[in-house]
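Residue numbers (the numbering used here), protein chains in the order written: chain A, 190 to 679; chain B, 6 to 124.
It should be emphasised that the hints constitute simulated quantities derived from the structure, not laboratory data.
C-beta atoms are modelled at their ideal positions from N, C-alpha and C, and glycine is treated no differently.
Careful, some of the hints might be misleading.
Stated by the list, open to error - Dumping the calculated DSSO-like pairs for lysine-lysine here, alpha-carbon to alpha-carbon at most 30 Å:
| id | chain 1 | residue 1 | chain 2 | residue 2 |
| --- | --- | --- | --- | --- |
| 1 | A | Lys637 | A | Lys497 |
| 2 | A | Lys444 | B | Lys57 |
| 3 | B | Lys113 | A | Lys596 |
What the hints assert, rightly or not - A few chain B residues that don't get close to chain A, going by computed Cβ distances all over 12 Å:
| id | residue |
| --- | --- |
| 4 | Lys11 |
| 5 | Arg17 |
| 6 | Gln18 |
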Amino acid sequence: MYRTITQLDEAIESLVNTRPDLSTRVTLNNSIEGRPIHALRLRAGGGTNRRGILIVGGMHARELMNPDAIIELAFDLAQAYTNETGLSYGGAEWSVLDVRIMMETLDIWMLPCANPDGRHHVMKTGGDKMWRMNRRDNPGTMCEGVDPNRNCDFMWRVIGPTTVCDPCSSTQGFVGRLPFSEPESQNIHLLCDTHRIDVFVDVHSFSEFVLFPWGHAPTQTTQPLPNFTSLLMGFCRPLDPPGHQEFMPPTDQLKYQTVAGRVADAIRAVRGSNYVLKTIYQVYNGTTTGTSSDYVYSRHIANPALRKTFAFAFETGPDLGPGRTLESFQPADPEPIKRDTKAGLVALIQQNVCAIEFIGETLQAGTIQSIRAARDQLLVPTEKGRGWIELVSSVQAELLGIVLSDKALTKRAISLLSRVQKLSAARGKATISAGDVEAGIEFLESLKSRATRPEVREAISIANRQLKKAAGQAVDAILKKLAKSNPPKL
Amino acid sequence: MKRSKKADVEERQERNAAFLKMRFEATIYPGRKAKTKDWADDLDVDRVPDTKGRVRALITVEDLVRLLDQGLEVRLYRAHAYEPLDPALIVTDKSFKRWLDKQVSNLKAKPGPKPFLER
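The following block holds chain A by itself, in its conformation from the complex (with noise of 0.2 Å):
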């Protein structure tokens, strides 16, 4: 069962009036047809700057579950930690500690259904369930819509598959008459320049894929130029020169692959759903360009003064073959599928958070940029580096959990945070003391007592038997000798 556009509107009302404290309503530009665009922003507790994650659904008018299920998943968040009961979906769970984590240390923004004209245009008398695009009417043509997932500035208006420049095309993927011409797609911008994302994603149906960039080509790790910012673009042509692959640093690709893994994960163990990792260009096998994936991971590319954001799409419920298309889109029972999709936004929400920055920068009031530049430049460009990396942020929210729930604990790990930001700042003389050694071991030793999960425990393990070797050690040279080693695994 579906709700209405009235319905998705009444119930974000609802929520921010019922926890002002947990949640905000902010109005975006109105829809072609002039209906309210809301977004909606859950958090809690204090401090500026935090991190962000954006979650978007309803792009496409078919796609009829995914408004219902972000809505649901703002009140299971609110409910959640209002009543600390911790979150689960079949045998996906988090703890009391998880939710809070997220809700305390994140800003969550939701665009639940971002084309209401769309939405409704598929339930009203006279409409029709199959319509993707919005409501655009297009001058000088019997056509409508425009589709603001082919919308967006990011190589727009090279054609492809399901990309084209006819308003009038049997395709439903007319890109518009220019870049963000649709208030549809201008609210994703709108969002993006005017608050931190930090992560961003896209949620469609259907064919259980976890998508990320690229979209307009295939994607290699080698080859930084030519990238998109000198092709071609805006001439109704198909992409120009036709070979062409879209460079990803491999630290992207990696972090890309490493979260979507864990959202394909969680997904899983809801009820052993299978989701695939894919980028973009491999849905149609063919270019795909103007998407908001695209669009949002390009930003920090095509104008470096802008932070970048890890930018998802998700395809949501099974393709149940040719012939249950329709079933595929719109489900007599989306509930299943529903929770498979909260699961996943979970799972990219908790993976946003970063411990370190939150106590460095947020608690502190400091900054960890000294500690960010030590990893960047001793581990990131090694794969062992970054499997270190990894294993790390693997368990950061647990621990970082563990952390804010005990102020004693707070405390030393500011202190430690501050003293590591001071290593890490003069970490070509600066060497690691007895007494640090000691500072350190005893903070994990705390750590661990308080710890549930086995690889949390083996983590901190690991990490202490580091920590016993590096005492008069300079650090440079224990972070050099980590990007050599393989971490092991949890």
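Given the structure of chain A, go ahead and fit chain B onto it with the hints provided.
Frame of chain A; chain B shown alone:
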């Protein structure tokens, strides 16, 4: 009573218009005429994802005729009338209100934890 000729014509026109707006679920194959690997790049049809990598689309009668004229092979699976979503699949206002009331009451039960970092 005998129907008027005008009514017959109007009914036939309506039927034809509805027929032209119907969508068929289809898979499309290159046939003998496709010469290049990228034959599916500009079919001008409403493509949908396919986990087995088939070229799959929702097509109209006009699309079908055009594709066949191009020498492509088209396999049809199912026809859908141009119509809105079945109202039985839309949440009623009554059931929505029940759901929303439950959600809201769950949010009012407790104030929630004291945040690690106050506002």
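- Out of the numbered hints, which ones does the structure contradict? Number 1 only.
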